[in-house]
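Put together the whole structure using the sequences plus the hints.
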Amino acid sequence: MREKHWSWVKGGIILGVLNTFVYYLGGRLGTSGAYTKTVGKMTEFFSPALVKATFLAQPGGCEAGPVDAVLLTDLRVDWQWMAVLGIFIGAYLARKVTREDRGPEVPVMWQANFGDSKWPRYLVGFLGGVLLLLGARLAGGCTSGHVISGTSRLAVSGLVFGLAAFAAGIPTALFIYRQRRVQ
Amino acid sequence: MLFWGLLAGIAFGYILQRIGALEYDNILKMLRLLDLKIAQFMFFAVAVSLLGIFTLNALGIGTIANLPFHPGVIVGGLVFGVGFGMAGYCPGTVIGAMAEGKKDAGYVFLGALTGTFIYAFLHKSLKPLLIDSGNAGAVTFDRLLGLPPLLTALLFAGAITAGMFLVDRLVPSRQDKKMSL
Chain C
1 MREKHWSWVK GGIILGVLNT FVYYLGGRLG TSGAYTKTVG KMTEFFSPAL
51 VKATFLAQPG GCEAGPVDAV LLTDLRVDWQ WMAVLGIFIG AYLARKVTRE
101 DRGPEVPVMW QANFGDSKWP RYLVGFLGGV LLLLGARLAG GCTSGHVISG
151 TSRLAVSGLV FGLAAFAAGI PTALFIYRQR RVQ
Chain A
184 MLFWGLLAGI AFGYILQRIG ALEYDNILKM LRLLDLKIAQ FMFFAVAVSL
234 LGIFTLNALG IGTIANLPFH PGVIVGGLVF GVGFGMAGYC PGTVIGAMAE
284 GKKDAGYVFL GALTGTFIYA FLHKSLKPLL IDSGNAGAVT FDRLLGLPPL
334 LTALLFAGAI TAGMFLVDRL VPSRQDKKMS L
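Same order as they appear, the protein sequences are chains C and A.
Be aware that the first sequence starts at 1, since it is given in the numbering used here, and climbs by one per residue.
Be aware that the second sequence starts at 184, since it is given in the numbering used here, and climbs by one per residue.
Please note that the accuracy of each hint is not assured.
Stated by the list, open to error - Under 8 Å between C-beta atoms, here's a sample of chain A residues computed to sit facing chain C: (1) L214; (2) V262; (3) G264; (4) H306; (5) K307; (6) A321.
Said to hold, decoys possible - Pairs of lysine to aspartate or glutamate residues, derived as EDC-like cross-links and limited to a Cα-Cα distance of at most 20 Å, are as follows: (7) C:K4 <-> C:E100; (8) C:K52 <-> C:D74; (9) A:K307 <-> C:E44; (10) A:K286 <-> C:D74; (11) A:K307 <-> C:D101; (12) C:K4 <-> A:D208; (13) A:K286 <-> A:D208.
To be verified - Some chain A residues judged to face chain C by a derived CB distance under 10 Å, without partners named: (14) L190; (15) L205; (16) N209; (17) K220; (18) M225; (19) V229; (20) I247; (21) C273; (22) E283; (23) V291; (24) G320; (25) L327.
By construction, these hints were calculated from the structure, which means they are not laboratory data.
Predicted, not measured: the structure shown is a model, and the values here were computed from it.
Virtual Cβ for every residue (Gly too), placed ideally from N, Cα, C.
Below, the structure written as structure tokens:
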């Protein structure tokens, strides 16, 4: 039988080569900044003045220099925004290629512990999503921008963000699954 | 350049799906310390990147730019971590999970847009407190340790690689845990 997923060694080498190639191109993987651009653009439709005071005051990336400069967000579609669009396409292609079935409406682990009612999962997911971006925007990046891109450029901020995320994520997951009705 | 961004993203999304990083179950297995495969994948990718990026850099190819370190990185990381444990996706993987048709990912994405909107209004008051005060700039480990960048990268890559293979030895085999949801 064919292995469903790649091993971590294989995946790690391929992502490492991609990340190096992205560096060579002068780019940088990072996702959360695209959220600021997208929500900023959506808000601009209703109130351009509001966007200027809120979204455009936020940092949106970095630029090399004697002291690396922090750039401010703008609402233009940039390299990273296109890369986020690419994630959607790439994941879609991978699923088509592997011909996996769609999977259950609620993740298997969740269902095994909390039943197959959809809304509790969707509610916890929604609230989790709110916290993800609150935290990522405050920190200036997320898993891709800080942990993958930052740590692979020896940034202290990248590794510290990763450690903080695990320091809070592990107790959260253990707390949610503290009953462990299914071991 | 925009075209290359799209291509890099497509490759990134493809890799994330093939490794299983778009699965809620795999992320929660990692955070519940049942199976660390996704963390091993991510940190090993960082080790390979360290070798690649700093070798190119030593040859004079490319420029390294980094994000600043400030208290917001720690506070934001902690808030992010709680969200990560609840959502089971990160801002990047949720995009790919939606493309796969996972419904819960759609709700996480809506939450993520909402969080971005809320943060826009908090930024002004959080900035002086958590971003401007105690801001160390884009500090890097090679500068912190006073070592040449390439040597520091080699040391980090070696330590990370050793650590990730050690995890395979220390954490009992995955076979025992196939049923432990």
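Consistency of the hints with the structure:
The interface hint given for L214 (chain A) is met, as the beta carbon of that residue sits about 3 Å from the closest beta carbon of chain C, less than 8 Å. The beta carbon of V262 (chain A) comes within 3 Å of a beta carbon in chain C, closer than 8 Å, and the hint placing it at the interface holds. Hint on G264 (chain A) holds. Least Cβ distance to chain C is approximately 3 Å, under the 8 Å limit. For H306 (chain A), the interface hint holds, since its Cβ comes within 8 Å of a Cβ in chain C; the closest pair sits about 5 Å apart.
With a least beta-carbon distance of about 7 Å to chain C, the hint placing K307 (chain A) at the interface is held under the 8 Å criterion. The criterion of a C-beta within 8 Å of any C-beta in chain C is met by A321 (chain A), whose closest approach is roughly 4 Å, and the hint holds. With a CA separation close to 9 Å, the supplied pair K4 (chain C) and E100 (chain C) stays within the 20 Å bound. Annotation: proposed proximity of K52 (chain C) to D74 (chain C) holds, straight-line Cα distance about 10 Å (limit 20 Å).
At roughly 18 Å between alpha-carbon atoms, K307 (chain A) and E44 (chain C) fall within 20 Å of each other, so this suggested pair holds. Distance check on the hinted pair: K286 (chain A) and D74 (chain C) sit about 31 Å apart at the alpha-carbon level, beyond 20 Å; violated. Of the supplied pair hints, the one linking K307 (chain A) and D101 (chain C) is violated, its CA atoms being roughly 45 Å apart against a limit of 20 Å. A distance of roughly 14 Å separates the Cα atoms of K4 (chain C) and D208 (chain A); the hinted pair therefore holds under the 20 Å criterion.
Restraint check for K286 (chain A) and D208 (chain A): satisfied, since their Cα atoms lie roughly 14 Å apart, inside the 20 Å limit. Taken as an interface hint, L190 (chain A) checks out: its beta carbon lies about 7 Å from the nearest beta carbon of chain C, inside 10 Å. Here the hint on L205 (chain A) is kept, as its CB sits about 6 Å from the closest CB of chain C, short of 10 Å. A hinted interface residue such as N209 (chain A) counts as satisfied when its beta carbon comes closer than 10 Å to some beta carbon of chain C; here the least separation is about 8 Å, so the hint holds.
With its C-beta approaching chain C no nearer than about 5 Å, K220 (chain A) sits inside the 10 Å limit, and its interface hint holds. Checking M225 (chain A) against chain C: minimum C-beta separation of about 7 Å stays under 10 Å; hint holds. A least Cβ separation of about 5 Å between V229 (chain A) and chain C falls short of the 10 Å threshold, and the interface hint therefore holds. Checking I247 (chain A) against chain C: minimum C-beta separation of about 5 Å stays under 10 Å; hint holds.
A cut of 10 Å between beta carbons decides the hint on C273 (chain A): the least distance to chain C is about 4 Å, and the hint holds. For E283 (chain A), the interface hint holds, since its Cβ comes within 10 Å of a Cβ in chain C; the closest pair sits about 5 Å apart. A cut of 10 Å between beta carbons decides the hint on V291 (chain A): the least distance to chain C is about 4 Å, and the hint holds. Evaluation of the G320 (chain A) hint against chain C yields a held restraint, the C-beta minimum of about 6 Å falling below 10 Å.
Hint status for L327 (chain A) relative to chain C: holds, with the closest Cβ pair at about 7 Å, below 10 Å.
When the structure is compared with the earlier hints, violations turn up for hints 10, 11 and for no others.
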